[in-house]
Amino acid sequence: MRKIPILLGVVLACMPGITSAGLSRQVVNYDIHVRLLPETKTLEGRETLLWLNDSNTEVTELPFHLYLNAFKNNRTTFMKESGGSSRGFKVDEANWGRITVRSIRLQNGPDLTPTLVYAAPDDGNPDDQTVMRVTLPAPVKPGETAALEIAFETKLPKVFARSGFVGNFFMVGQWFPKIGVLRDGVWNCHQYHAQSEFFADYGLFTVEITVPEAYVVGATGRRVKESRNADGTKSLVYFQEDVHDFAWTTCPDFVESRERFTMDEPKVDTEMIFLVHRAHLGQRDRYVRALKQGLGFYSKNYGAYPYGTITLVDPAPGGMGAGGMEYPTLFTAGTTSFIPRGLRVPEMVTIHEFGHGYWYGIVGSNEFEEAWLDEGINTYSEIKAMDSLYGSDRAMIDFPGLKIGDFSYQRLATIGSGRFDPIVRKSWDYISGSSYSLNVYSKAGIMLLTLERVLGEEVMAKVMKTYFETWKFRHPRTEDFVRTAEETSGRDLGWFFDQVLHSPDKLDYAITDLRSEEVQEPKGLFDRKDSRTGAANAVDKGTAQKPAFQNTVVVARLGEWIFPQEIKVTFADGKEVRETWDGRDRWKKFVYTLPVKLTSAQVDPDNRYLLDVNFANNSRTLAPTPWATRKYALGFMGWVQHLLSFVTL
Amino acid sequence: MTITTCLKKGVTEATARPNLMGVLWLFNILFASILYFIFFGAFDAAVGPSLALKDLLKTGDMNIILETLTKPAGPFTASLRMAPYIILLYFLANIFLQGGVLNVLIAPRGRDKFAACFFGGGGRFYGRFLRLLIYSAVVWVPAGILFVAVNAFLRVLGDSSRERQMVLFVIIRVALVLFLLHLVKMVLDYARIMIATRDSRSVFRALMDAVRFVLRRLGGTLGLYYLLGLTGLAMALVYLSVKSIIGTTTAAGILAVFLITQVYIAGRGWLRAAYQTGQLEMFTISGLTREAKQGNNGVKEEAAAV
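Keeping their order, the protein sequence lines are chains D and Z.
For the first sequence, the working numbering begins at 4 and goes up steadily by one.
For the second sequence, the working numbering begins at -15 and goes up steadily by one.
Treat the hints with caution; some may be incorrect.
Stated by the list, open to error - To give an idea of the interface, some chain D residues facing chain Z are shown, with a C-beta separation under 7 Å as derived from the structure:
1) 342
2) 395
3) 405
4) 407
5) 550
6) 551
7) 630
8) 639
9) 643
10) 647
The hints are simulated quantities; they were obtained by calculation from the structure and are not laboratory data.
Ideal Cβ placement from N, Cα and C applies to all residues, glycine included.
One chain only, chain D, in its complex shape (with noise of 0.2 Å):
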């Protein structure tokens, strides 16, 4: 308590205006004080916010985000949809979560606790309290800002689903009251869902952390005092500025360590921080190259890294329900003591949370409506920076005999994705959780993919700069991203989009038919002119001719989605023809009577359609290659042989 006028001294010290020149446009400005109880799991917190009406309505009441209300019982929404469980965790029900508010009033105004009412805007349901509500006594009007104080206790979960505790090690996110984001005068202030993330405004954020002194802390941002209390504790405060979130992280058994990271083109000077558990250390090496060749790929290809630190987290043994989450400079990942080098998930996690500091964190797309735009953006990152640094063949699985790229491995969840919801959906609106990740993660991240092909490597590297660049620390929609994919290539992408986006169909064209007859010689009666009388004669034999073939081959659309295609027909003398077709119909044939056979006839032959479901049947051969069929057959067999041997031996 008695810290608060220093504090505010370090922070005034320090932060611009609310709406002074950062980065972001800063509608929120948080200053909490917290203080962790690690015998009951408990966070007991007083925010102070500045909040500014940063549009052209008068408001007259604040919602705000309750999240780890969530966790209180099974009978909330996140609880209802989820059944429970996370990504394979289950719920304690020995270790509930819970967020209490113990009271809201506007900085030397009235208390608005009476005034607080929960609120469950997307399904009604009466048990959910992840959003609360409080009246103002007088509007906020358009450009002012309005100051609150709230008291808060929160009690984490035994950690299933990102946020809570395992033993001494707490991962704390989603743990304080949070405004919504007020957009075109409406409040977007979502339940928490099982299949959503989170969506806010940008601002700064102080926040002063007491542990126990034992226990090391990593958190949003960079660290602007320390200090140590009579109590036993230590009080750590961190700051940031042209963020939309902060979390926190602590444990005894964290191993910190921390090293600069430095880049000339674009100009990067961030320090890495790494907190690594103790049990985990002989992973560590895995982390750090992984997080430098992160920043480096991500830094190159879409813009500088814009703060000066970047925390990774490895959640503890038994923790891992924390694990593979981002939030803003600060993202866990996660590994275990044994997991070999050949199988990449260590890199891919890490990868993937930094990149949403670019794709979430810098680019502040709303994740709970249009969840593509951070997870299928990222995913196509991740993709790209994963198959580039590891090699496309192997990054994620490269064990002698077993080779696999992140491409080859999100596409077959593309390929499993259903026929159910499309990339653009509503988190909650799914018909399941795993819908929903096949679709927003794979499928988006391989539809990008089969843009850049489109469009080629050159264009889509502008498309996404420019992307980077007129949205960081703003709010994009997917129109947003599509129009800027638009004006970047100079090209009417409607067909793309308006397809791959808003309609859950899949993407197959195949050639169905591939043939090569003798055209034969004419036998019969033919009305054939005299050529001296000019009288119709029939005769018996047409003229002689030279052997000919007829050749055919049929494409068909065995997809929804219609694309334009390019065929490739290959014949006997090595000539190739290369055909178009619109691909609107369900089928097309192209006839050739020529001297020669042909050989074979590809759809789509440079694969620039990633998001085919069906490659093989993309083409057709007459000299098929039987041994291959043989080879995978025997391999089968022999792998049969083994299991009949093994059951009876």
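Chain D is fixed; fit chain Z onto it per the hints.
Chain Z alone, transformed into the frame defined by chain D:
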């Protein structure tokens, strides 16, 4: 000494009976080839006419492999659907093979025609060995209870935040499962030997005798079992090393790998014969030879009749 003697006997006798190895290999490939044809047909329908096949032969394009394997009506799913039936049929056929193998091994070498001895034994002991399989529940159930008890104990001890301990517990669980599987299998092997050598119809009694036999000579029986297991491991290592140096991008390479695999599978047949002979010797060396002789007399009479 007993273990070495039995091992030596097992290896010598199995080597001296190539027919046995051949017939075991033949049964194996017969059943496996059913799945081969199903896989081949489905794979050929899915990828056969495609240009992608050329790449598959040379490099193994993972995109094509994965999309083909995961296709709902693809070769893998088609084969998987049939696999349980094939394995079940093979399992039933294997009971016949067990009778055949034992009958060949207990008959004096070279006295009877191999086919008559093998198929005669397979038929004669089929019903008894099938009953043994059913009665074996009395051995499987205690083994299962033991595993469940140890598993529950480890769960109580386990602390998910201690990663190394969790991994150690997984290793303990796997080791225990394998040990119990081998132990019960070994008991059944000796029960079959007792049934065959005594030509006994008291299957349950043979099972109980086998349990007692194994438990009284646990060191010897397990030692022999795992020594032969090591022989199998050495064979597998040689097989994998040879296989790994052969490229499969040409017809010759594919054929070579196929042939090497068949040699290895035949080798597994040899190992199986070695197991049975070694165990038979272990049983004979022990003090139960009197019953064995009675059983042998029965077999001799049977063989003479054939």
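Against the structure, the hints:
no.	hint	verdict
1	342	11 Å, violated
2	395	10 Å, violated
3	405	9 Å, violated
4	407	5 Å, holds
5	550	25 Å, violated
6	551	24 Å, violated
7	630	5 Å, holds
8	639	5 Å, holds
9	643	4 Å, holds
10	647	5 Å, holds
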